[in-house]
Amino acid sequence: MANFNTHFTVAAGASALVSATLLSMEVVSPQEAVVAFAIGTLGGLLPDVDSAHSKSIKVGFNVLSLLITIMLIFVKSSTYSLIEMLIMSVLVFSGIRYAFLGFFRKISKHRGMFHTIPVAVIWAIVIAILCQWFFDLNSLISWVYGVMICLGYLVHLTLDELYSVDLGNRRMKKSSGTALKFGMFKNRQQQVHTAIIYAMIPILFALAPDMEMIQSALFSKDAWLNFKDIILPYDGRWFFH
Amino acid sequence: MKHSLVILSLSVLFVGCVPAPQPTIGLGTGIGIGTAQSHENNGAYGQPPHLYATAIRTYFSTKLKRASQAQYRFKPPVKAYKKKGLAYGGGVAWRGWLVETLVATPSRTGRLSTPKPHMILFSGEQIVEDILGKSHKLLVKVE
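These protein sequences, in sequence, are chains A and B. Numbering of the first sequence is given in the numbering used here, commencing with residue 23 and proceeding in unit increments. Numbering of the second sequence is given in the numbering used here, commencing with residue 858 and proceeding in unit increments.
Bound conformation, chain A alone (with noise of 0.2 Å):
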């Protein structure tokens, strides 16, 4: 299993790639591309926030919920008084870094159903319904952060699974097949865990942003010329343009 740097150094690595690409694209503005990077980040550290004992992910989650509180300040420096703004920062704070974190380390189990592909996408639709419905962002954007939390979930879920291969001894540790997976099957409990994380996605899309504006940037034909442009220089001179 890859520890806290890997896992950080990793997601904040593809993401950085991911929201550069983006940017390239001009999908995203460098102000969203930096969120969007910050974002991808974060997804990365997502996974274990089921691990019961790990330290990092309380150095984590101190961050997860510092920024989420600085957010909200932003957002109502405009009509919050200062003492307004001082309660609500403490409750926002110690609500994600202990009654969060607490709730779902008492409700799951370490690589359990958090070390799925089908909560990646849940994440990734919830991320995009809260930044429309809550933060008012546009459709493309809404997604954009979302599939950024996606794929920084699914780089922590490979990294796992890739650290489960012990290439000095050539063969598979225990950990093998406990991180990238679709589901858990094992007995019944864990089937009615998974029924239900598959159940919510249908439910979830009804609430979420319109996805076409995200289909058209990223998996259209015209995405694909797009992406072509960049790649090389598009006057065949390089670095003086």
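If you are wondering where the hints come from, they were derived from the structure by calculation, not from laboratory data. All C-beta atoms, glycine included, are put in the ideal place defined by N, C-alpha and C. Treat each hint with caution, since some may be false.
[Claimed, not checked] Where chain A lies over chain B, by a calculated footprint (3+ residues, C-beta under 8 Å): (1) 921 to 931; (2) 958 to 966; (3) 982 to 991.
Start from chain A and add chain B according to the hints.
For chain B alone, coordinates are given in the frame of chain A:
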């Protein structure tokens, strides 16, 4: 089973926290076009913008890259209203006229891209907001 119930209740709670989907605005085809019965006086929306094409071109001239070569297609203004995001307290944030616009700009290589849909919100002749896309969950078209 206890865990299943907790997950199920959480999902229901989450869905319950989000207001029921409102009819959304679509551009062009019938798909995605929603309408809502207005209980408001038409006067609340003010007069429709007459010089919207000029206003939109001027607005985008400073917002878009290679705006001078942009191509526009406009639809006639329609009445609409937009709610605030839930983080901002909900409630109606804007009521006025909406102009659905398609904007095509050339890429850095000069290739004209597929036109992007924008929804331009007007209060009188003034542009108050530009939303990229054909629909937004907080925006409602009024018939």
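Any hints this thing doesn't respect? Which numbers, in order?
-> Violated: hint 1 alone.
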